[in-house]
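Residue numbers (full-length UniProt numbering), protein chains in the order written: chain A, 1 to 611; chain B, 1 to 718.
Among the hints, erroneous ones may be present.
Once the Cα atoms are required to be at most 27 Å apart in a straight line, the calculated DSS-like pairs of lysine-lysine come out as [said to hold, decoys possible]: (1) A/LYS254 / B/LYS142; (2) B/LYS688 / A/LYS254; (3) A/LYS188 / A/LYS172; (4) A/LYS254 / B/LYS710; (5) B/LYS710 / A/LYS460; (6) B/LYS142 / A/LYS548; (7) A/LYS516 / A/LYS460; (8) A/LYS548 / B/LYS434; (9) B/LYS18 / A/LYS555.
Just so you know, these hints were derived from the structure itself, not from any lab.
Quick caveat, the model's predicted, so the values are computed rather than measured.
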Amino acid sequence: MESFRFCFLMLTIAILASPALSDLVLSKVDRRIYLTSHIVRISSTVKVENAGPEKESLVLLAFPEQQAKNMAYLMATPHEGKGKVKNPVVALPVEAANPKDMPAALTFYSISLPMGLAEGDSFTFDVLAVFTHALRPIPEQITQADIQLVLYQDSAHYLSPYAVKVQSLSVKLPDSRIESYTKLENTKIHGSEIKYGPYENLPSFSYSPIAVHFESNLPFSVAQELVREIEISHWGNVQVTEHYKLIHGGAQSKGEFSRLDFLARPNVRGASAFRYLVANLPPRAHSVYYRDEIGNISTSHLRGDSKKTELLIEPRYPMFGGWRTAFTIGYGLPLQDFLYESDRKRFLNITFSSPMVELVIDALIVKVVLPEGSSDISVAAPFPVEQWQETKISHLDIDGRPVVVLKKTNVVPEHNQFFQVYYHFSQLSMLREPLMLISGFFFFFVACIVYMHADISISKSSASYLAKQQWEEVQAVIQQVQNIISRCLTTHDNLEASLRDLSRTGNIQACKAARKAADGLLKELSKELKPLLTFLQSSPSAAQVLPKVEELVAKERELQEKVMVKHATVVDGYEKKLGACDIENRVALQQQKLTALRQEVDDLLEFIDEI
Amino acid sequence: MSNSSTSDLLKPFKLKTKQQELLIRVSILCLVYILAFITRLFSVLRYESMIHEFDPYFNYRTTLYLTQHGFYDFWNWFDYESWYPLGRIVGGTLYPGLMVTAALIYRLLHFLRFAVHIREVCVLTAPFFASNTTLVAYFFGKEIWDSGAGLVAAILIAVCPGYISRSVAGSYDNEGVAIFALLFTFYLFVKAVNTGSLAWGLASAFGYFYMVSAWGGYVFIINLIPLYVLVLLITGRYSMRLYVAYNCMYILGMLLAMQIRFVGFQHVQSGEHMAAMGVFFLMQVFYFLDWVKHMLSDTKLFQEFLRITVTCAVAVGGIALGVGMASGYISPWTGRFYSLLDPTYAKDHIPIIASVSEHQPTAWSSFMFDFHILLFLFPAGLYFCFKRLSDATIFIVMYGLTSMYFAGVMVRLILVATPAVCLISAIAVSATVKNLTVLLRSKNKVAQIGSSKGTSSAKASSKASLDQSQPFQKNGAMALLFGAFYLLSRYATHCTWVTSEAYSSPSIVLAARGAHGNRVIFDDYREAYFWLWQNTPPDAKVMSWWDYGYQITAMGNRTVIVDNNTWNNTHIATVGRAMSSYEDEAYEIIRSLDVDYVLVVFGGVTGYSSDDINKFLWMVRIGGGVFPVIKEPDYLVNGEYRVDKGAAPKMLNCLMYKLSYYRFGEMMTEYGKPPGYDRARGVEIGNKDIKLEHLEEAFTTSNWIVRIYKVKPPNNRW
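In isolation and in its complexed conformation, chain A is listed as follows (with noise of 0.2 Å):
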């Protein structure tokens, strides 16, 4: 009621006012209310006509504060007759405007026409004025059984500073029951469209309220606040992160919740709750998810062609009206659809708002993060936004990355427009993550190398250090003995094999030769090894692994010993010409010996590789 008397007082206001504002008259107005979403739509068909001598560029639009203060949205094209090729459209220029001696509580936006006109010259053209929040819902609160109804109050007649020649109004609501309406003359109803007028010659400034009263049962999504971050990475991908914070704007729900009936009934036991949402997200987007602050939501659906993907997705519960909600989602986009360079510039452009269908977004933020060292950055947006930067630190940043935050209030879908941010980036500094991870690694392992060369302990003439010293040295000779004593070895099988040859060549002097050879290498080893094993008599450390080091030298030697005489028998056999099975006779007793020792001698060695 409270509004009907506003209305009432405005008029009286306005009336009283009514000057001459200048000779345009509207000679034709078609407005259309569409009722079918919770975002009310007013598009309507306006023919101005110049009646004055002076030539005019600029209409007026008015709408009461009431609805002007809802206004999320408001555009006006050239009027395109209903046979002709569709060109593309270009908006007329909208802005508001001030004008003098006018009433307070009308907010009056002025377009700029393409051209003057002059005396007697009329102009058709569209205005689409979109509006939230217009749908109040009446009762406010109702139970889980009952149905939403909501009210939606206007004027039947255009409100305009000029006089109106002919007008009509059709309001279009959604196919259901209507529980009231406002009947005045000339009021028609067809179904589901109610039709006000037409109208002739109004003056200005008339206004004759009206109010609908009809069932809704369409989500009444309203996002709370909307926080777009767009992350870029040059390595081929734009990261989209939304997260919502979403209210069933409708009638509150009071009572009970019962599952049982809403599992039963869900459209007439929660015919105002919503289940689901649906966004249109861009085509070839990838890795959607979906999640809210304690984890992730199950519920979701994603179909994709190569026009668009759509995702639908559940709540975790049903949205009975004013339950709220908060989640989020995310989807990774292909960096070509959306970046482009121009001179030597590149730009960002990417749609706006939210991929929900029919939602209303109270607050926006869109968060555009840019490479780590962008540089220069502009925003072109279609719109007046609010705009700030910050920055973000992220996966291996030094200095953060550069963020612009654009901010945007009262959003509509009508919002969804490309917008561009220009920046400059160096394909340079593309390496840079890369780069630190890679010297990162190089410098750990130069750590662990010098940590494993270095000397760090503290006291360098304590007992156990010094212990731990000499012990390496001891370490240190027995691989040299070690070394040393293999060698000897590999000459005894050289001489083993110089006896292979033997048998099969029969050449006897090669193999006194070899025997020399290995003879004198023989004996330089045993020369090396004699330093080495006074050093390790001498070193108090080595005492537990001497008598072993010791051991194995004697072992070593008599080997050597037994090789010799062995190669000799043989050597000697073939010398005499004996058959080759006397000579295996003759060493076959030296053979097992040699075995034998060869064993030993193994074992010894394994036994010091192991201390």
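Position chain B against the provided structure of chain A, taking the given hints into account.
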């Protein structure tokens, strides 16, 4: 020819045996480290990166608080959201080790510029520490036996289900880091005893400090180590090394442990810690006597002196203990401690401990389930330990035996026994395999050399000389070795199966097989908690059974009356009483507790059996323990617990029954069954016409698992 040339080519790259061994050892350890981590990721892959169960949600919430508000705020945190209207001093009633560890890892990662979420850190903390535990197990094994046993121990513990049960990704609980800390402390202490080095003693004191900060199970350490020292003293293995190690560890460890607010002065005031102190003084007496013995040459005189000193020491100790106990300075043992020593104690005296399923005595099958072949290897390992007795093996034997006893008393203590069982079994495996391979290798070598030497007579003789003694030795060893490897591979398969089937479910999200074999997910808990968070006033108070308290505060962000901390038995009993009273009586209690919402968990629609109706008898018992008006027999019929028509009238009309089955009588749950058929219990419910007077249904999740009721304001009198 070609053979020799390739071997020549490879010569510079050929490693010495020692280097080869090192390389193999390090690569095995690396693989085990990775294996221990990835085998715990089943739940992340199958569900998502989320926190599991109940207690981890509290830990997660506190970690979040710690990272957001800093350490001092965390230390002084008074939590208004739990135990309404009492609240809880969080900083003084928790073991902060886990949270501080996770927060430090988080800080470090952010310092290195890895912008991870704290949740991911929390989820992966337990697997990370499990990986570290394998390294500690290796070093411990090396210390008590040899590096082979260390490697086997690392492998066994990496996949042992007894340990995995508490350390899968998402199980963000104290035990996750505590087992690491426990084993690490033991390792450092044994190392200190073996070396007698003050540095290792100090390290073990710090290990102990970390353990105290992480888990209440530190009491096990502070009792096991004195016991071990006592055993060494009795068996005549007292040494200067032991003296240094124990004194350093005890004094420093005690002082450090006092810095944890939750522990405070318990080390000098509580009965559970007195054994350590007694042994400490005993050590001093021992040392003193040793010194006197050294100074006195006369043995007779010394005998006399010994008698007097021992009598005095025992008398002084006894009097001190008696006076301390009598004056109340030394607190008696707590119920939990009693229930460990006497498994039937909790059942008779503390229903709240007995009501938790993980505090039940362990069944044989769960030993088999959690240890598999280790159960058989354990005695074998003990045999080997006794065969080669040293200070270190005595320790591991004592650790193994005591922890096995505790594992038998309580299911959850299998966890504490696991490292010991793994280590002792590793000794068995390693020693056996080593013996067998030594047999095999020595023979192979001789045979090889014999054949390469080529002469038939030599071959024959060598064969004869070696095979004579033990015929078929080689084949036997081979067979045994294969048997061992077969068993170990069975163990690995079993562990993986258990991990994937039994221990990788988050229990917040329930999964079932649908009619067509597809996977159905019941996400009702989070549905309800998120509903609470979004659609109730921020200061709403929620009453539920204590199991769900931590989850409601962490995921629903609402104040609860009782939670899993269970520090105030009376408060829990009040809730139990409310749940088991008639509605109007319960309404009085609910009003007095200023409750706005009541939450119950109900599995009748889905057949989810761990719901509130099945826990209800515990509510009655706990409530009845404090308020004698609640009597358990009122809810039973001939000692039987029923919910169908034959149920006790009090049962059919108590608040819990009403809230669980409200309007369930109209519901068809299963084809061919009457409406109101309870699938969890397999009966048709007895009271289908339930009217609620003071509460109204506020929300029920899609599978009815969680039901939330709003408490109506009192009626106007006029």
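Going through the hints against the structure:
| no. | hint | result |
| --- | --- | --- |
| 1 | A/LYS254 / B/LYS142 | 69 Å, violated |
| 2 | B/LYS688 / A/LYS254 | 25 Å, holds |
| 3 | A/LYS188 / A/LYS172 | 12 Å, holds |
| 4 | A/LYS254 / B/LYS710 | 12 Å, holds |
| 5 | B/LYS710 / A/LYS460 | 76 Å, violated |
| 6 | B/LYS142 / A/LYS548 | 25 Å, holds |
| 7 | A/LYS516 / A/LYS460 | 50 Å, violated |
| 8 | A/LYS548 / B/LYS434 | 23 Å, holds |
| 9 | B/LYS18 / A/LYS555 | 23 Å, holds |
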